[in-house]
Amino acid sequence: MASLEEHLSRAVAELQALERVISDLQSRVTTLRVLMNEYDGAISLLDELKKRGELTEVLVPIGGGNFIHAEVKKLDIVEVSIGAGIVLRKSLEDGKKIMEKRKESLSKAIELYENQIIQYAQKADELRRIVNALAARLREEQAKSQESRS
Amino acid sequence: MSAERELPPSIKQRIARLQQLQQTLNVIIVERQRLEAELIEVKDALEELQKSPDDVMVYKAVGPILVQSDKQKLVEELNEKKELTETRLKLLEKQEQRTRSQLESLQKELQQALSGSSAS
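As you go down the protein sequences, you meet chains A and B in turn. By the count of our numbering, the first sequence reaches residue 150 at its end, each step adding exactly one. By the count of our numbering, the second sequence reaches residue 120 at its end, each step adding exactly one.
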């Protein structure tokens, strides 16, 4: 009886720990997806601006849904993030290549985390079944011991 | 008398220690994954920077501002960061290994103790 209760409490603790890991991985996937969308937006914007050419008038967001007018002065060069807080000046084509590469690594990281989520979720499902079975057995034994006392 | 109270204090202590070790292991795993991702980013940035000409226009993010910098200086900074991350990763891996083996031996001990206490 004692070991049954302890098994249950250990399984519950393990399940809670697993659920925390899953939730952490899910929030990482969400962050990475937001970043992927930003890269998609940046690449589409560069393509669109390239079609329109230099001196295109644009509206630049200044926050809160507000904009100021601006003109694109240069389109042959872009300042591209290469990670670790570093930004490099590149030609438009090279810059786009770097962005695509970064997008690819983001996509791989998302895939990796999603696979981990699946694995942890399977473990959590197994544990949930064990917890339910242990809880049922414990209730049964407690009922039996109450019956025998009365 | 509840079943919880029937357990000897030494077993209760070991169960608490086991749960603590499990939590520590989870924290270590999350931190290791964060450092691994950071290391990949630093290595990629270093590779990209080294491919660029020496006079490339390069900026470093300082808060919300991009400050113009020097390629060589940034390569040195990134190499330093890479070494630091690798060292921290190695330490964390050792810590993970140690925690896992502590966890395994404690689990074995507990199983033996619990089977002994339920048999008695």
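Please keep in mind that the hints were generated in silico from the structure rather than gathered at the bench. For glycine and all other residues, C-beta sits at the position ideal for the given N, C-alpha and C. Hints may contain errors.
What the hints assert, rightly or not - Using C-beta positions, here's what the derived DEER-type ranges look like:
hint: 1; chain 1: B; residue 1: Glu31; chain 2: A; residue 2: Glu19; range: 17 to 25 Å
hint: 2; chain 1: B; residue 1: Arg32; chain 2: A; residue 2: Glu111; range: 12 to 20 Å
hint: 3; chain 1: B; residue 1: Ala61; chain 2: A; residue 2: Val72; range: 44 to 52 Å
Evaluation of the provided hints:
{"no.": "1", "hint": "B:Glu31 <-> A:Glu19: 17 to 25 Å", "result": "holds (19 Å)"}
{"no.": "2", "hint": "B:Arg32 <-> A:Glu111: 12 to 20 Å", "result": "holds (19 Å)"}
{"no.": "3", "hint": "B:Ala61 <-> A:Val72: 44 to 52 Å", "result": "violated (23 Å)"}
The structure is inconsistent with hint 3 alone, although it conforms to all the rest.
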